Amino acid sequence: MIKNLSLFFLLLIILVILSCEKNSKEEPVYKPTPYTFDIPFAFPTKMNIPVNNPMTVEGVELGRFLFYDGRLSGRTHPDSLMSCGTCHIQANSFEAGSNHPVFEGGFVHGLTGIQTQHVMLPLINLVWNQSGYGWNGFLFNDNPNTNFRNLEDFVRIAVLAEDEIGGDTTKVKQLFQSIDGYPELFFKSFGSSSITFKNIEKAIAQFVRSLVSANAKFDRFLKGEEQLSSSELNGFVLFTTEEGADCFHCHGGGGNPLFTTHLFYNNGKDTVFTDLLDRFSITGNITDKGAYKAPTLRNIELTGPYMHDGRFSSLDEVIDFYSHHVKWSEQINPLMHHVLRGGVQLTSTQKEDLKAFIRTLHDEGFLTNPAYSRPDKFPDEQ
Amino acid sequence: MKRILITLFMAVSLVSCNKNQSKQETDEGNIIIEINHTVDGKQLETDQMIYTNAAGNKYLVSEIQWMISDLKLHRADGSTILIGKEGDIFYIDSDIPESMQLDLGFGVKSGDYTGLSFTFGMNELQNKSLRFVNPPESFMFWPDYLGGGYHYMKLNGKWINTDDVAQPFNFHLGIGQVYDTLAPKSSYVSRSACCTSAHCEGYTPPEKTMPIIGFIQNYFDVRFEDTSFSVHASKSTKLQLEMKIENWFKNPNIYDHNIWGGSIMQQQKAMKKACENGIDVFRLTVK
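Read top to bottom, the protein sequences are chains E and U.
Here the numbering used here is used: the first residue of the first sequence is 1, the next is one more, and so on.
Here the numbering used here is used: the first residue of the second sequence is 1, the next is one more, and so on.
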């Protein structure tokens, strides 16, 4: 009897210990915190956030890990790692930049060595883009093809594309499932530790939407906090006048501080249009031949090479083009009304002034914001 | 007894509420204004070089974006009813089909109306920079240096110029500028450095770069005095507002693109002529 009693108490103690152990190990809780935007001064209040992917603090943080984790390629060999952050360098406004050690001149290629069809576009303020993503806007909200609508789809396309990551979505999700820490982060973000590629897309898209540039010198000027120099002011006048450099209709200004309309224009680079991935390829409208998205000019001095095909390596070349080398074609956008003079005909002083103004769109805080930077440690290294 | 009184009070209240609701429903109707861009009486075909204006310029139209404000209904007794609230604007864009139908909503008092009026653009009290932060309206901003606020209209297209080339034009209307024609050349905006440097000897800065010393409001009112229509309770009355594009270039001023060139935001003389022409650009019909 005593022996039985001892055995009973022993079992009871073991049970209590086990129970304690279970309680002491915290179960992850799915209680995502809504991610809130402080709308910057003069910025749009309407944002492009899909109903099925509301932004959360947890989702953005997970997206940041995935954005920078080279295992997004679905491979673990050091030579086969590639993530969004491989090409999208924060210091270069999330483009490769002309100074990239691997992608010479800023022309990026995928893991297999195939060069991308177009050069990169920066990842800035994309949460305010309502007019389609990509140089030709092939991803747009009301696309009948539901697989080509928003940033989430861009993630999948980049992972699959041979000229980018060249991966396999099944392998990618399986790999992250096997990496310590990730399943828990997925649970916290989406309520399930079973990793799906859809949730990988969603997390990275959330992180990309969180990338906000709104504290350049010009932003502070607009708020009355800082004055522009004489040269910068001259440049601003040129930027926003039809008889000056006439940039504002496509690239914004004080009334549109995104510094882009995100719309598509044939800006007179060519007279013959052979690119099969221009805006025409999306709309079928003949007037869209040779038309491409007007990119934002924020941090533009860092995001060369310029134009969809990277034909210009410096801002000076771009300004020279708009000043003297615009070409007429039937498809040229009517906003390029200086075309028959070859461009806006800026003097050398005006070019310097214009460039000085454009440099006021440089946002150092965006380029160094720790919330946007590569994490010190990935989840399995914590 | 107390309970009976409370029940009676509640019943009366409910009946009263219902009565008010039904009164509201029977008193108000809707107006839908369909926008129509036409040239020479036919529906606009964009990007087709098939039109000729009063000056003899062959031209095409690629897109039109414009804003109206202060939309009012007029009654026989001279009273007016403002649609929406003061400062409301309506944005119309040939590239955005949903903007081509102004649904005023079921808040229009039923009855007979003798006409309608609106302001083309916005008056100086309403036309303030940064009042629209969201596209597409924000894309209409008019640079502060040129007067600020917003374009009243962007009408973009091309015309066949005297060299027989399709030249782009931006027929943009908004606040005009007064330039200081007596200012020394060295004070011309952003041209001063060039004017004083040796390699620009003989360079004559264009008038449009002179210092700006004032602004001119170019908005104008459009009134349809004798277009009678009725609004019936709980029903929609359809009106059609037609913009006759050829009239921008016609009456009372013959507007010649070869004279005014491709851009007029800094040419008050051109904008003035255009706005004077605007007086018979619009036509209102009851559908």
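Since the hints were made in silico from the structure, they are not lab data.
Any given hint could be a false lead.
Said to hold, decoys possible - Label pairs and their calculated CB-CB ranges: (1) T45/E to Q101/U: 42 to 52 Å; (2) V51/E to S230/U: 54 to 64 Å; (3) Q101/U to Q382/E: 22 to 32 Å; (4) D320/E to I213/U: 25 to 35 Å; (5) I254/U to V51/E: 32 to 42 Å; (6) A76/U to E226/E: 38 to 48 Å; (7) T46/U to E184/E: 51 to 61 Å.
Unchecked claim - Subject to a maximum C-alpha distance of 20 Å in a straight line, what follows is the list of computed EDC-like cross-link-like pairs (lysine to aspartate or glutamate): (8) K223/E to D144/U; (9) K289/E to D163/U; (10) K46/E to D88/U; (11) K327/E to D47/U; (12) K289/E to E45/U; (13) K46/E to E137/U; (14) K217/E to D93/U; (15) K58/U to E225/E; (16) K289/E to E63/U; (17) K327/E to D163/U; (18) K46/E to D93/U; (19) K289/E to D47/U; (20) K327/E to D164/U.
The structure presented is a predicted model; accordingly, all values stated were derived computationally and were not measured.
A virtual CB, placed ideally from N, CA and C, is assigned to each residue, including glycine.
(request) Output the numbers, in ascending order, of every earlier hint that fails for this structure. (result) Result: hints 1, 2, 3, 5, 6, 9, 14 and 15 break, sorted rising.
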